[in-house]
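There are 2 protein chains.
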Amino acid sequence: MKETVRTNLLPAKNGEEYTMQFLLEVVDILTNYVRKTFDRSTKVLDFHHPHQLLEGMEGFNLELCDQPESLEQILVDCRDTLKYGVRTGHPRFFNQLSSGLDIIGLAGEWLTSTANTNMFTYEIAPVFVLMEQLTLKKMREIIGWPNGEGDGIFSPGGAISNMYSVMVARYKHYPEVKIKGMAAAPRLVLFTSEHSHYSIKKASAVLGFGTENLILLKTDERGRVIPADLEAKVIDAKQKGFMPVFVNATAGSTVYGAFDPINEIADICEKYNIWLHVDGAWGGGLLMSRKHRHKLNGVERANSVTWNPHKMMGVPLQCSAILVREKGLLQGCNSMCAGYLFQPDKQYDVTYDTGDKAIQCGRHVDIFKFWLMWKSKGTIGFEKHIDRCLELSEYLYHKIKNREGYEMVFQGEPQHTNVCFWYIPPSLRLLPDGEEKRQRLHKVAPKIKAMMMECGTTMVGYQPQGDKVNFFRMVVSNPAVTRSDIDFLIDEIERLGQDL
Amino acid sequence: MKETVRTNLLPAKNGEEYTMQFLLEVVDILTNYVRKTFDRSTKVLDFHHPHQLLEGMEGFNLELCDQPESLEQILVDCRDTLKYGVRTGHPRFFNQLSSGLDIIGLAGEWLTSTANTNMFTYEIAPVFVLMEQLTLKKMREIIGWPNGEGDGIFSPGGAISNMYSVMVARYKHYPEVKIKGMAAAPRLVLFTSEHSHYSIKKASAVLGFGTENLILLKTDERGRVIPADLEAKVIDAKQKGFMPVFVNATAGSTVYGAFDPINEIADICEKYNIWLHVDGAWGGGLLMSRKHRHKLNGVERANSVTWNPHKMMGVPLQCSAILVREKGLLQGCNSMCAGYLFQPDKQYDVTYDTGDKAIQCGRHVDIFKFWLMWKSKGTIGFEKHIDRCLELSEYLYHKIKNREGYEMVFQGEPQHTNVCFWYIPPSLRLLPDGEEKRQRLHKVAPKIKAMMMECGTTMVGYQPQGDKVNFFRMVVSNPAVTRSDIDFLIDEIERLGQDL
Numbered sequence: 001m002k003e004t005v006r007t008n009l010l011p012a013k014n015g016e017e018y019t020m021q022f023l024l025e026v027v028d029i030l031t032n033y034v035r036k037t038f039d040r041s042t043k044v045l046d047f048h049h050p051h052q053l054l055e056g057m058e059g060f061n062l063e064l065c066d067q068p069e070s071l072e073q074i075l076v077d078c079r080d081t082l083k084y085g086v087r088t089g090h091p092r093f094f095n096q097l098s099s100g101l102d103i104i105g106l107a108g109e110w111l112t113s114t115a116n117t118n119m120f121t122y123e124i125a126p127v128f129v130l131m132e133q134l135t136l137k138k139m140r141e142i143i144g145w146p147n148g149e150g151d152g153i154f155s156p157g158g159a160i161s162n163m164y165s166v167m168v169a170r171y172k173h174y175p176e177v178k179i180k181g182m183a184a185a186p187r188l189v190l191f192t193s194e195h196s197h198y199s200i201k202k203a204s205a206v207l208g209f210g211t212e213n214l215i216l217l218k219t220d221e222r223g224r225v226i227p228a229d230l231e232a233k234v235i236d237a238k239q240k241g242f243m244p245v246f247v248n249a250t251a252g253s254t255v256y257g258a259f260d261p262i263n264e265i266a267d268i269c270e271k272y273n274i275w276l277h278v279d280g281a282w283g284g285g286l287l288m289s290r291k292h293r294h295k296l297n298g299v300e301r302a303n304s305v306t307w308n309p310h311k312m313m314g315v316p317l318q319c320s321a322i323l324v325r326e327k328g329l330l331q332g333c334n335s336m337c338a339g340y341l342f343q344p345d346k347q348y349d350v351t352y353d354t355g356d357k358a359i360q361c362g363r364h365v366d367i368f369k370f371w372l373m374w375k376s377k378g379t380i381g382f383e384k385h386i387d388r389c390l391e392l393s394e395y396l397y398h399k400i401k402n403r404e405g406y407e408m409v410f411q412g413e414p415q416h417t418n419v420c421f422w423y424i425p426p427s428l429r430l431l432p433d434g435e436e437k438r439q440r441l442h443k444v445a446p447k448i449k450a451m452m453m454e455c456g457t458t459m460v461g462y463q464p465q466g467d468k469v470n471f472f473r474m475v476v477s478n479p480a481v482t483r484s485d486i487d488f489l490i491d492e493i494e495r496l497g498q499d500l
Numbered sequence: 001m002k003e004t005v006r007t008n009l010l011p012a013k014n015g016e017e018y019t020m021q022f023l024l025e026v027v028d029i030l031t032n033y034v035r036k037t038f039d040r041s042t043k044v045l046d047f048h049h050p051h052q053l054l055e056g057m058e059g060f061n062l063e064l065c066d067q068p069e070s071l072e073q074i075l076v077d078c079r080d081t082l083k084y085g086v087r088t089g090h091p092r093f094f095n096q097l098s099s100g101l102d103i104i105g106l107a108g109e110w111l112t113s114t115a116n117t118n119m120f121t122y123e124i125a126p127v128f129v130l131m132e133q134l135t136l137k138k139m140r141e142i143i144g145w146p147n148g149e150g151d152g153i154f155s156p157g158g159a160i161s162n163m164y165s166v167m168v169a170r171y172k173h174y175p176e177v178k179i180k181g182m183a184a185a186p187r188l189v190l191f192t193s194e195h196s197h198y199s200i201k202k203a204s205a206v207l208g209f210g211t212e213n214l215i216l217l218k219t220d221e222r223g224r225v226i227p228a229d230l231e232a233k234v235i236d237a238k239q240k241g242f243m244p245v246f247v248n249a250t251a252g253s254t255v256y257g258a259f260d261p262i263n264e265i266a267d268i269c270e271k272y273n274i275w276l277h278v279d280g281a282w283g284g285g286l287l288m289s290r291k292h293r294h295k296l297n298g299v300e301r302a303n304s305v306t307w308n309p310h311k312m313m314g315v316p317l318q319c320s321a322i323l324v325r326e327k328g329l330l331q332g333c334n335s336m337c338a339g340y341l342f343q344p345d346k347q348y349d350v351t352y353d354t355g356d357k358a359i360q361c362g363r364h365v366d367i368f369k370f371w372l373m374w375k376s377k378g379t380i381g382f383e384k385h386i387d388r389c390l391e392l393s394e395y396l397y398h399k400i401k402n403r404e405g406y407e408m409v410f411q412g413e414p415q416h417t418n419v420c421f422w423y424i425p426p427s428l429r430l431l432p433d434g435e436e437k438r439q440r441l442h443k444v445a446p447k448i449k450a451m452m453m454e455c456g457t458t459m460v461g462y463q464p465q466g467d468k469v470n471f472f473r474m475v476v477s478n479p480a481v482t483r484s485d486i487d488f489l490i491d492e493i494e495r496l497g498q499d500l
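Chains A and B, in that order, are what the protein sequence lines are. Counted from 1, the first sequence has number 454 at position 454 by full-length UniProt numbering; the numbering is strictly sequential. Counted from 1, the second sequence has number 255 at position 255 by full-length UniProt numbering; the numbering is strictly sequential.
Fair warning: there could be bad hints in the mix.
For identical chains, the list gives no copy identity; a pair is met inside one copy or between any two copies.
Here are the computed lysine-lysine pairs in the BS3-like style, where the Cα-Cα straight-line distance is at most 25 angstroms [claimed, not checked]:
no., residue 1, residue 2
1, K447, K180
2, K43, K346
3, K201, K180
4, K384, K137
5, K399, K201
6, K137, K172
Hints in this document: simulated from the structure, not taken from any laboratory. Fair warning: this is a prediction, and the values are worked out from it, not measured in the lab.
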């Protein structure tokens with residue numbers, strides 16, 4: 001395809017042949033990438049520093065120019081983009097809550113981009129709008145809301161889904177805020193645990209509550225909210241004249257994978273008439289498993305639930321749902337009735353135009369890949385996947401809990417796939433507990449991680465938490481992972497860490 | 001591939017062959033769809049009512065089940081999903097500001113989904129993060145900010161980009177709102193025109209300002225803000241003790257395609273120290289054209305700019321940028337410093353971890369398709385595309401402005417590609433002006449539109465505006481459109497409307 005330029009492609013006259021040839025060459029690059037992603041002899045990444053990539057790697061120049069490149073160069077750019085990226089579908093990529101490369105999901109995304117449409121109206125996305133509606137209903141049924149009644153929408157990620165929950169809670173209790181602003185409400189306070197996702201704090205800043213009006217709740221040693229602390233703080237806030245309006249319970253915290261006790265929290269929310277949101281971005285997937293869904297007992301009492309199929313259910317990024325028990329609130333909260341988009345005099349039933357529920361105008365089609373995966377796996381397929389990932393985590397937990405050189409961050413079997421641990425290199429093992437050991441241990445995980453990335457063999461997350469120094473957080477959500485990959489990770493940590 | 005199930009696919013042992021075969025069958029479906037999209041003998045859509053699709057069309061069942069479907073059925077589902085959808089890339093699809101199917105952009109999206117990663121850190125999206133940075137800088141240079149300095153981020157659509165602008169304006173003037181909430185600020189008011197996009201109103205509700213604190217500005221007959229009205233309303237607000245904090249100037253309004261006079265608005269904003277945002281979601285693309293960019297004169301004086309490459313520049317959905325002139329504000333406004341994601345002790349320069357600027361946590365990769373298109377077209381390719389679309393609109397304008405049965409909604413050549421007009425069927429032409437004619441005319445556009453959709457021949461938008469009854473809004477952003485398609489639209493309107 002040397003020196004062919006894009007003006008030969010469709011919509012050019014006789015552009016069909018070039019177009020098909022070009023697309024098939026792209027697909028060839030992509031299928032090769034897919035093949036290698038699953039091949040354990042391929043590296044997870046080929047690490048380069050920002051300045052290296054910016055300076056340009058042999059023939060890969062990121063700069064944008066006035067003049068067009070040939071299609072041949074475009075294909076090289078595609079190859080290079082993949083070459084210097086990270087294989088998030090690799091069986092040894094454990095770095096994020098989202099990992100894996102589901103082939104059906106991938107096909108779904110390819111189709112979605114080919115359809116290139118927008119979720120705001122039935123008019124231009126009839127099939128996708130209906131798929132979203134049916135899938136949300138199914139999710140609400142699984143949550144346990146009678147007949148799957150309620151409402152919901154897919155949003156651009158869990159942080160936005162959580163933001164929706166705060167907005168809807170505010171609208172439910174103080175609908176006049178929509179028109180009059182926060183000045184129309186008393187001083188509103190929100191509650192969430194110290195271990196909860198930072199998006200709740202972000203929402204409190206964005207929506208005009210202010211982060212100091214988000215009250216952090218204490219957790220037990222496993223990172224689960226202590227309900228008595230919630231009640232004490234609700235009472236305290238009321239005594240100060242503040243109005244408690246929203247409680248977030250986390251189902252599967254980001255670092256520990258902890259599940260807050262929803263039923264006990266729900267009792268308090270009911271008693272004080274506070275909106276209960278369950279952030280199941282990470283843990284929501286466990287609802288698909290008869291074995292593990294008890295960890296979310298009480299979720300049916302929530303007023304709203306965040307659930308990200310792009311995390312534990314292996315759906316490609318992005319796919320996040322906010323589900324609301326009471327119908328009409330999303331619409332009431334967000335509708336602006338734009339006449340040019342949501343004309344009331346269309347020939348079809350315009351209640352299917354769901355765009356006015358959203359804070360977005362245009363909205364990406366995130367539903368199709370998920371719907372297609374559900375079709376291809378069935379509900380039982382998701383259950384098997386969840387159960388398998390949790391088994392792998394148990395395997396890791398049992399492998400390291402008494403192993404020399406490891407210390408668990410919290411005791412007991414993990415509730416989710418999160419296994420949090422310190423690797424203690426031989427040189428630190430005999431040091432007495434104290435500040436020196438802490439400081440040296442704090443540097444171990446970042447060093448091992450940096451070496452992993454430079455070798456390109458595997459990736460796993462680390463972070464400090466509260467007064468705990470940097471530790472590894474291992475998670476499993478990728479269906480390609482086997483016990484041998486878990487073994488590999490541990491071997492690699494020991495190989496890279498033994499001389500630190 | 002009969003009765004093959006997904007468990008045969010990768011990561012299954014020996015799943016490679018099945019996987020490649022399955023993906024190639026999907027690609028075959030998609031390339032056929034692409035081919036037909038550009039074929040004018042193909043319908044734009046095959047319309048069905050929601051209840052028809054929900055009841056199930058021969059073999060196409062939207063319901064989700066417990067048990068898996070075969071891969072064969074999955075392929076049928078893919079075909080049916082496309083069959084009952086809308087071809088937004090068809091040369092006769094004029095319904096939205098986003099249309100067209102760019103082949104390079106499509107290839108970019110396929111690659112993006114195959115890479116399946118997340119923009120929040122350099123760690124897992126090194127190439128994409130750098131592409132975003134370089135592209136945003138290029139856009140800022142084109143806006144006219146010295147050396148392309150400033151900041152920005154790609155967001156999930158223009159509504160969210162506009163919301164960012166309001167947030168950043170608030171943070172600039174009242175940074176304490178982040179911590180203390182809206183109670184820490186006086187009564188803040190925002191200004192935007194009656195013709196502006198509803199997302200500004202949405203932002204005022206979401207962020208806790210309240211929609212009544214968004215003051216609507218009068219426009220001239222072409223939908224452009226009257227600067228004197230802005231100044232009068234700013235003075236009035238201040239006299240009432242309110243604090244003007246944000247002005248939105250629209251560059252390319254949704255319905256009329258109007259460009260507010262940015263320089264005159266900027267003078268007022270500077271005089272009263274008010275944040276100036278330019279919503280160029282639709283019109284920003286004209287900055288790429290030496291011929292048309294004067295319509296945005298003064299844009300370099302804005303504090304922030306929304307610019308959606310997925311509209312006038314033909315990039316696949318979604319691709320929207322918010323650009324901010326002052327560096328550091330986005331970060332200051334949104335950062336929460338989550339320790340598990342933005343570790344300060346990584347081995348690379350962590351200023352490339354841009355996730356803490358966003359209101360999202362995970363963020364979809366929207367940059368690659370745009371970057372790849374820019375590479376393949378060069379800056380001059382975008383310019384040609386813009387100029388061509390505007391020429392086509394002029395062609396339409398001149399074709400109908402004196403044609404029998406047409407009336408223009410506003411006089412004069414369109415500023416953007418929006419051509420707004422009434423088609424007046426013969427039966428109404430002799431009616432005297434008055435309420436009866438208005439009422440009957442109000443029904444004409446919806447009726448013609450419904451028939452178009454049922455015939456599947458073309459799609460164009462309509463809406464009322466202010467006291468004007470339903471009219472057609474024709475727009476061109478699809479590079480596949482030719483004069484013959486414009487002619488077709490007019491013929492079709494007359495064919496369908498002549499007996500109304």
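A quick look at each hint next to the structure:
1. K447 <-> K180: Neither: 52 angstroms inside a copy, 38 angstroms across copies.
2. K43 <-> K346: between (54 angstroms within a copy, 20 angstroms between copies)
3. K201 <-> K180: both (23 angstroms within a copy, 12 angstroms between copies)
4. K384 <-> K137: within (22 angstroms within a copy, 46 angstroms between copies)
5. K399 <-> K201: neither (36 angstroms within a copy, 56 angstroms between copies)
6. K137 <-> K172: Answer is within: at 21 angstroms inside a copy they meet the 25 angstroms cutoff, but 42 angstroms across does not.
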